[in-house]
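**Student:** Listed here are the chains, written in short residue letters.
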Amino acid sequence: MIEHKILFTGTVSAGKTTAIQSVSEIPVICTDVLSNDLTLGKEATTVALDYGEVSLGKAERLRLYGTPGQERFSFMWDVLAQGALGLVILIDHTRPEPLRDLSIYLDHFRNLIQKTACVVVLSKMDASRPPALETFTEMMQKKHLVYPVVAADVRDKAQVLWILDLLLVQMEARL
Amino acid sequence: MNSTAKKPSPMHAPRPISEDLRSKAGYILRLFVEKLGGIGVKSAVIATTDGFDVASVAMSEEEGAKLSALSSSISAIGDMAIKEIGTGVDHQSITIESESGYIFIMDIRHPNCPMILSIAASKDAVLGKLIYYARQVVAKMIEA
Amino acid sequence: MTQNDPGKPEPEIPVSYTVVGCTHRDFVLLKSVITLYGTQGNVTWDYRRSLEVDLVIIGTETAPASVAALLRSKGDREQIFLWISDAPLLPDPRQHLIRCHSPLHAYQLAGQLKQVENFFRGKLSLQQVQQRQVSQQHVVGNAFPEDMRITLLRWPPPEMLSGNKSFWRIAAMLSARSMTLAELAEHSAQPRSVCKEFLYSLHHAGYAKIIDAEKVEAVPPPPAYSSPSLSRDTDTLKGLKGLLRRIRVGLGFSSA
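Protein chains in written order, with my numbering: chain C, 2 to 176; chain Z, 22 to 165; chain L, 6 to 261.
Pulled out of the complex, with its shape left as it was, chain C reads as follows:
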């Protein structure tokens, strides 16, 4: 069985598990545990990984991995990043500092995305609430990192496919 991998990372409650579930052929296997972190505003949090998959044929498979969101688990980010074809960064726009959140993931995964591909997804975005999408692209320009930045609802399979299309287009452009 030949394995390939696409990685989903990003903040807690940005929708990593949901995004993977939208396209995975199997129910997502996840490592959610009871959360003791009152700042999270949710009951369960991923501490190791989410896992979904898509079959590419009899002997080939695409694995979809989701990382934990919290920085405490950044060692898992490195483990899961190995051999990934590309990275989707999901940012929950309702959190207090989404720009800073995005910075953390961009800095950590810089090597991976410069070698492969990346799409930044702003989830739960509201046009009337700052920061605007432009602020994110401006921040990335200053870091010399240029990747698609889109607002999307990852509960919608069509939008997740669109995000993956933008990822694949980048990979194809480099061949």
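Take these hints with a grain of salt, some might be off.
[Claimed, not checked] In silico SDA-like pairs for lysine to any residue, Cα to Cα no more than 20 angstroms straight-line:
1) L/170 to C/60
2) Z/87 to Z/115
3) C/116 to L/170
4) C/116 to L/244
5) L/214 to C/146
6) Z/87 to C/76
7) Z/87 to C/78
8) C/59 to L/245
9) C/6 to L/257
10) C/125 to C/104
11) Z/104 to C/28
12) L/170 to C/160
13) L/128 to L/246
14) L/243 to C/58
15) L/170 to L/198
16) L/246 to C/76
17) L/119 to L/182
18) C/144 to C/107
19) C/158 to L/173
20) L/243 to C/57
21) Z/104 to C/52
22) L/170 to C/142
23) L/246 to C/176
24) L/170 to C/75
25) L/36 to C/38
26) L/243 to C/60
27) C/59 to L/258
28) C/143 to L/156
29) C/158 to L/255
30) L/36 to C/134
31) L/36 to C/131
32) C/143 to L/182
33) L/201 to L/173
34) C/59 to L/201
35) C/158 to L/254
36) Z/63 to Z/80
37) C/6 to L/256
38) L/243 to C/176
In case anyone wonders, no lab produced these hints; they're calculated from the structure.
With chain C's structure known, arrange chains Z and L on it following the hints.
**Tutor:** For chains Z and L alone, coordinates are given in the frame of chain C:
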């Protein structure tokens, strides 16, 4: 208290760790290290299942936080493996062996606050003794 | 208003503007181009719902007779009228009228805004503004060599990508590596004219730049695409392309 209770379902609201539980955990852990005469135990930590440390002994705060987060991930992957392969419901312990020592991760199935005991030991630890006393820690914590 | 002190930055000059008789699509494009453009200079663009403004932008929904009436109205302030239209010329004795072609394109609009800005900064006379109008023919006809390499500096906003269904994918390709017009047209399987128009808007709005092949660029080109899982089983270009095709099929894209 039912020691085979499962982890509470994620529908419960998150609870902060009580000071009482913290101080009990600290005491139990210090007692554990003393019983071993300090031989072979490099560090020991009791953490929540989502990786926050409740009590730690014999290391810096940073080391304690790191071991807590690591143990949380490993423990969760252990649970996942057991569920997926179908040999039980919750893992009880995981041992990682290296050329210079061990890491033991043990499940503490406290009914209100599920936790993890994690011990980093060197090769000169007396293994049988360590595991025996570690199990005592788990039993005491379940009642805490 | 003007300063000759080299040490101090020039003060921010407000330019008020309004929009009349515009389609929704043009209005959205106008607002976003003005916002983008406004971050690059020292003029602040101030939208008002009133004709008492410095710049009146007249959209395609306005009849020429109404435009003529606007031009005739005697105000005591200096005003410029920017009309989106290909209609015949109107009498404009005070030389206050400049134009953009319809349908409205970001690069021409940005060019015209620059002239308006320079007028209100006191750097150009109205006559000069008239002379320097950016015409669509001029820009498009201008040599944009097929082999000039373009690099994306920043991901463009949705407003710039909504003009054509393929713009999103073209931008994504360009974000992966710098490309010439020829490469882009081949890779995207889109007509050259579509790629050209898009590259122009990007370049004009400051989202892309032309790489000078002779100079060493500050940002090195990205390393060739590599991933352990790919090099393990697919060493050839054909193999890599095949994998990405299989991934598309596996995910359920209608066309690989």
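**Student:** Are the hints correct? Go through all of them and say.
**Tutor:** Hints, one by one, checked against the model:
1. The straight-line distance between the Cα atoms of residue 170 of chain L and residue 60 of chain C is roughly 35 angstroms, outside the 20 angstroms bound, and the hint therefore fails.
2. Of the supplied pair hints, the one linking residue 87 of chain Z and residue 115 of chain Z holds, its CA atoms being roughly 17 angstroms apart against a limit of 20 angstroms.
3. For the proposed pair residue 116 of chain C and residue 170 of chain L, the alpha carbon gap of about 27 angstroms is over 20 angstroms, so the pair is violated.
4. Only pairs whose Cα atoms come within 20 angstroms are accepted, and residue 116 of chain C paired with residue 244 of chain L is accepted, the gap being roughly 18 angstroms.
5. In summary, the hint linking residue 214 of chain L to residue 146 of chain C is supported, as the alpha carbons are separated by about 15 angstroms, within the 20 angstroms threshold.
6. Taken as a hint, the residue 87 of chain Z and residue 76 of chain C pair is honoured in the structure, with Cα atoms around 9 angstroms apart against an allowance of 20 angstroms.
7. At most 20 angstroms may separate the alpha-carbon atoms for a hinted pair to count; residue 87 of chain Z and residue 78 of chain C meet this at roughly 14 angstroms.
8. As the CA atoms of residue 59 of chain C and residue 245 of chain L are separated by approximately 18 angstroms, the hinted pair is consistent with the 20 angstroms bound.
9. Proximity of residue 6 of chain C to residue 257 of chain L is assessed by CA-CA distance (about 17 angstroms); at most 20 angstroms being required, the pair is judged to hold.
10. Between residue 125 of chain C and residue 104 of chain C the alpha-carbon distance is near 18 angstroms, which keeps this suggested pair within the 20 angstroms criterion.
11. For a cut-off of 20 angstroms, the pair hint linking residue 104 of chain Z to residue 28 of chain C stands: about 14 angstroms separates their Cα positions.
12. Pair hint residue 170 of chain L plus residue 160 of chain C holds up; C-alpha atoms about 15 angstroms apart against a cutoff of 20 angstroms.
13. For a cut-off of 20 angstroms, the pair hint linking residue 128 of chain L to residue 246 of chain L is broken: about 54 angstroms separates their Cα positions.
14. Taken as a hint, the residue 243 of chain L and residue 58 of chain C pair is honoured in the structure, with Cα atoms around 18 angstroms apart against an allowance of 20 angstroms.
15. The suggested pairing of residue 170 of chain L with residue 198 of chain L holds, with an alpha-carbon distance near 14 angstroms, which does not exceed 20 angstroms.
16. Under the criterion of a C-alpha separation no larger than 20 angstroms, the hint pairing residue 246 of chain L with residue 76 of chain C is inconsistent with the structure, at around 32 angstroms.
17. Of the pairs offered as hints, the one joining residue 119 of chain L and residue 182 of chain L is violated, with about 30 angstroms between alpha carbons and a cut-off of 20 angstroms exceeded.
18. For a cut-off of 20 angstroms, the pair hint linking residue 144 of chain C to residue 107 of chain C stands: about 9 angstroms separates their Cα positions.
19. At roughly 18 angstroms between alpha-carbon atoms, residue 158 of chain C and residue 173 of chain L fall within 20 angstroms of each other, so this suggested pair holds.
20. At roughly 17 angstroms between alpha-carbon atoms, residue 243 of chain L and residue 57 of chain C fall within 20 angstroms of each other, so this suggested pair holds.
21. The suggested pairing of residue 104 of chain Z with residue 52 of chain C holds, with an alpha-carbon distance near 14 angstroms, which does not exceed 20 angstroms.
22. Of the supplied pair hints, the one linking residue 170 of chain L and residue 142 of chain C is violated, its CA atoms being roughly 24 angstroms apart against a limit of 20 angstroms.
23. Note on residue 246 of chain L and residue 176 of chain C: the hinted pairing holds, with a Cα-Cα distance of about 7 angstroms set against a maximum of 20 angstroms.
24. Simply put, residue 170 of chain L and residue 75 of chain C have alpha-carbon atoms about 38 angstroms apart, too far for the 20 angstroms limit, and the pair is violated.
25. Proximity of residue 36 of chain L to residue 38 of chain C is assessed by CA-CA distance (about 42 angstroms); at most 20 angstroms being required, the pair is judged violated.
26. Of the pairs offered as hints, the one joining residue 243 of chain L and residue 60 of chain C holds, with about 18 angstroms between alpha carbons and a cut-off of 20 angstroms not exceeded.
27. Between residue 59 of chain C and residue 258 of chain L the alpha-carbon distance is near 19 angstroms, which keeps this suggested pair within the 20 angstroms criterion.
28. This hinted pair checks out: residue 143 of chain C and residue 156 of chain L have alpha carbons roughly 15 angstroms apart, not beyond 20 angstroms.
29. For the proposed pair residue 158 of chain C and residue 255 of chain L, the alpha carbon gap of about 14 angstroms is at most 20 angstroms, so the pair holds.
30. Taking the CA atoms of residue 36 of chain L and residue 134 of chain C, the gap is near 15 angstroms; set against the 20 angstroms cutoff, the hint holds.
31. Using a Cα cut-off of 20 angstroms, the hinted pair residue 36 of chain L and residue 131 of chain C holds, with the two alpha carbons roughly 17 angstroms apart.
32. For the proposed pair residue 143 of chain C and residue 182 of chain L, the alpha carbon gap of about 17 angstroms is at most 20 angstroms, so the pair holds.
33. Taking the CA atoms of residue 201 of chain L and residue 173 of chain L, the gap is near 14 angstroms; set against the 20 angstroms cutoff, the hint holds.
34. Taking the CA atoms of residue 59 of chain C and residue 201 of chain L, the gap is near 42 angstroms; set against the 20 angstroms cutoff, the hint is violated.
35. This hinted pair checks out: residue 158 of chain C and residue 254 of chain L have alpha carbons roughly 15 angstroms apart, not beyond 20 angstroms.
36. Distance hint between residue 63 of chain Z and residue 80 of chain Z is fulfilled; the C-alpha atoms sit about 8 angstroms from each other, no more than 20 angstroms.
37. For a cut-off of 20 angstroms, the pair hint linking residue 6 of chain C to residue 256 of chain L stands: about 13 angstroms separates their Cα positions.
38. Proposed proximity of residue 243 of chain L and residue 176 of chain C is supported: the alpha carbons are some 9 angstroms apart, at most 20 angstroms.
This entry does not satisfy hints 1, 3, 13, 16, 17, 22, 24, 25 and 34, going by the numbered hints stated previously.
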